[in-house]
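Below are the chains, spelled out letter by letter.
Number of protein chains: 2
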Amino acid sequence: MTIENISQAKVFGGWHKQYTHQSDVLACPMRFAIFLPPNASPSHPVPVVYWLSGLTCTDENFMQKAGAFRVAAELGIAIVAPDTSPRGENVANDEGYDLGQGAGFYLNATQEPWAKHFQMYDYIVSELPKLIEANFPVSELKSISGHSMGGHGALTIGLKNSDCYRSISAFSPISNPIQCPWGQKAFTAYLGSSVEAWKQYDSSELLKRAKSALPILVDQGDADGFLHEQLMPNALQAAADLHGSDLTLRMQAGYDHSYYFISSFIEEHLRFHAKHLFA
Amino acid sequence: MTIENISQAKVFGGWHKQYTHQSDVLACPMRFAIFLPPNASPSHPVPVVYWLSGLTCTDENFMQKAGAFRVAAELGIAIVAPDTSPRGENVANDEGYDLGQGAGFYLNATQEPWAKHFQMYDYIVSELPKLIEANFPVSELKSISGHSMGGHGALTIGLKNSDCYRSISAFSPISNPIQCPWGQKAFTAYLGSSVEAWKQYDSSELLKRAKSALPILVDQGDADGFLHEQLMPNALQAAADLHGSDLTLRMQAGYDHSYYFISSFIEEHLRFHAKHLFA
Numbered sequence: 001m002t003i004e005n006i007s008q009a010k011v012f013g014g015w016h017k018q019y020t021h022q023s024d025v026l027a028c029p030m031r032f033a034i035f036l037p038p039n040a041s042p043s044h045p046v047p048v049v050y051w052l053s054g055l056t057c058t059d060e061n062f063m064q065k066a067g068a069f070r071v072a073a074e075l076g077i078a079i080v081a082p083d084t085s086p087r088g089e090n091v092a093n094d095e096g097y098d099l100g101q102g103a104g105f106y107l108n109a110t111q112e113p114w115a116k117h118f119q120m121y122d123y124i125v126s127e128l129p130k131l132i133e134a135n136f137p138v139s140e141l142k143s144i145s146g147h148s149m150g151g152h153g154a155l156t157i158g159l160k161n162s163d164c165y166r167s168i169s170a171f172s173p174i175s176n177p178i179q180c181p182w183g184q185k186a187f188t189a190y191l192g193s194s195v196e197a198w199k200q201y202d203s204s205e206l207l208k209r210a211k212s213a214l215p216i217l218v219d220q221g222d223a224d225g226f227l228h229e230q231l232m233p234n235a236l237q238a239a240a241d242l243h244g245s246d247l248t249l250r251m252q253a254g255y256d257h258s259y260y261f262i263s264s265f266i267e268e269h270l271r272f273h274a275k276h277l278f279a
Numbered sequence: 001m002t003i004e005n006i007s008q009a010k011v012f013g014g015w016h017k018q019y020t021h022q023s024d025v026l027a028c029p030m031r032f033a034i035f036l037p038p039n040a041s042p043s044h045p046v047p048v049v050y051w052l053s054g055l056t057c058t059d060e061n062f063m064q065k066a067g068a069f070r071v072a073a074e075l076g077i078a079i080v081a082p083d084t085s086p087r088g089e090n091v092a093n094d095e096g097y098d099l100g101q102g103a104g105f106y107l108n109a110t111q112e113p114w115a116k117h118f119q120m121y122d123y124i125v126s127e128l129p130k131l132i133e134a135n136f137p138v139s140e141l142k143s144i145s146g147h148s149m150g151g152h153g154a155l156t157i158g159l160k161n162s163d164c165y166r167s168i169s170a171f172s173p174i175s176n177p178i179q180c181p182w183g184q185k186a187f188t189a190y191l192g193s194s195v196e197a198w199k200q201y202d203s204s205e206l207l208k209r210a211k212s213a214l215p216i217l218v219d220q221g222d223a224d225g226f227l228h229e230q231l232m233p234n235a236l237q238a239a240a241d242l243h244g245s246d247l248t249l250r251m252q253a254g255y256d257h258s259y260y261f262i263s264s265f266i267e268e269h270l271r272f273h274a275k276h277l278f279a
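Going down the list, the sequences are from chains R and S.
1 is the number of the first residue of the first sequence in our numbering; add one for each residue after it.
1 is the number of the first residue of the second sequence in our numbering; add one for each residue after it.
Be careful, since some hints might not be right.
The list treats identical chains as one, so a pair stands whether inside a single copy or across any two.
[Stated by the list, open to error] In silico DSS-like pairs for lysine-lysine, Cα to Cα no more than 25 Å straight-line:
(1) Lys17 with Lys65
(2) Lys211 with Lys160
(3) Lys10 with Lys65
(4) Lys275 with Lys65
(5) Lys116 with Lys199
(6) Lys116 with Lys160
(7) Lys130 with Lys275
(8) Lys160 with Lys185
(9) Lys185 with Lys116
(10) Lys130 with Lys160
Please keep in mind that the hints were generated in silico from the structure rather than gathered at the bench.
All values reported here derive from a predicted model rather than from experimental measurement.
Based on the provided sequences and hints, a complete structural model is requested.
Structure (structure tokens):
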């Protein structure tokens, strides 16, 4: 459980820090970033929002571009941003931006050559929170959020672990991956051809089967070029409606898939999570 | 005066847009970015804050990382971010990150091989505002701000053109370039060996010679690794004290040279400019 600090910068009275560590689950060195609000201390541990980023991203995109720290500092919430996949020369990869390194899809791969390293589900659910809770002044209270592939990750991980998180939110999530090209390509490679295996990592399928125990907030820009072919939030809404799950899906007029969109609404997501973390 | 739109994204109800245009002053194609707040319209032209970035930056660094748009949208202020130098295969360059492309220092070069293209002072003072005012719903009211090399640019341009701007602000400016390695290297290359020529582009020297007609706000992190060797804000303070210029220099404990620092205080800078733009 050794971590190595590689950068730190004061921001809004708190600290943004990056660390590397050897991941047992992913069998490679990994990097993550954490924002600690000014009021975090061993005598005052703070709750954590885990942020899962989208295709091609690292721990840096959200931290640099989302503009989240003003409100997180005010609310007293830590934010942890992991990388989006295992990485390194010894880790399997693909030439596409949507498979392999930078595209872990937050699942546990069962197929070769991916299974050895691509276990992002276990990393996010188990290894990373243990590491964070052992090394930083944070409580065990957690919420989870993400964007695009990371929105898919936040929804599926939150839905499958409703006892571990207080709330789920997502921007522009891949809501029904078994029905879209990004999801079908990744799931075929990582999980094989069994659609039943795929359904374990599809938030619309998970919500169809059971009412969510957690409140969910989703924002989606209606000028997002990926909306109709890849994201399909209507499937998530239909699944939530089946059992009356607590989903708020907001279509935001004129917004696209970028961090300009995320920055416009991240304050509302953090206040949503705070309401449930401090309830 | 033709401009070509190359990107647009809705953000905080306004728009971030990037454009290219052929610059007569710089004799090359240039890119700039503009944020237009939601209330900007031909019947309601808004004032503009010009943001000048630091070494190695483009129009994108501030727009992606500063977190400025929430407050700019609320205040009804446009922000224009130009590139930091002329660029292109036909434009002179240097292997150093602190000379040539990405390092224009907001001056008019007089020496070869720089003089043909490196006329950033005239571009920022004259050509760019004319282009902006001809193409967007903005008024002629302007303030100017910047970071590091761009803080030097904002201070020198504002001090030399106090009839064009309402207020000046800077983060971590190169405050006394004739006395620091970055400034001495760039000024020797662009302006030759005459220290009298250098003093025309040194904000501490300009303030020494005359009281500033404009209010100035400067924030400087005291954990900034460039503070003592390159930035030297004490020289600016001493010059302001000579004639009672309206300079507020704030040393911010624990902050470094990064955009995490800028994002923490950009709201106060925008409210400072708004007070003078809407006075």
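Results of checking the hints against the structure:
1. Lys17 with Lys65: So Lys17 and Lys65 pass the 25 Å test inside a copy (15 Å) and across (16 Å) alike.
2. Lys211 with Lys160: within (11 Å within a copy, 66 Å between copies)
3. Lys10 with Lys65: both (16 Å within a copy, 15 Å between copies)
4. Lys275 with Lys65: within (24 Å within a copy, 27 Å between copies)
5. Lys116 with Lys199: The answer is within: 22 Å in one copy meets 25 Å, while 62 Å across copies does not.
6. Lys116 with Lys160: This pair counts as within: shortest intra-copy Cα distance 23 Å, inter-copy 63 Å.
7. Lys130 with Lys275: Close inside one copy (24 Å), not across copies (48 Å); limit 25 Å.
8. Lys160 with Lys185: within (22 Å within a copy, 59 Å between copies)
9. Lys185 with Lys116: Classified as within: same-chain Cα gap 19 Å, cross-chain 52 Å, threshold 25 Å.
10. Lys130 with Lys160: within (18 Å within a copy, 57 Å between copies)
Against the hints set out earlier in the document, no violation occurs for any number.
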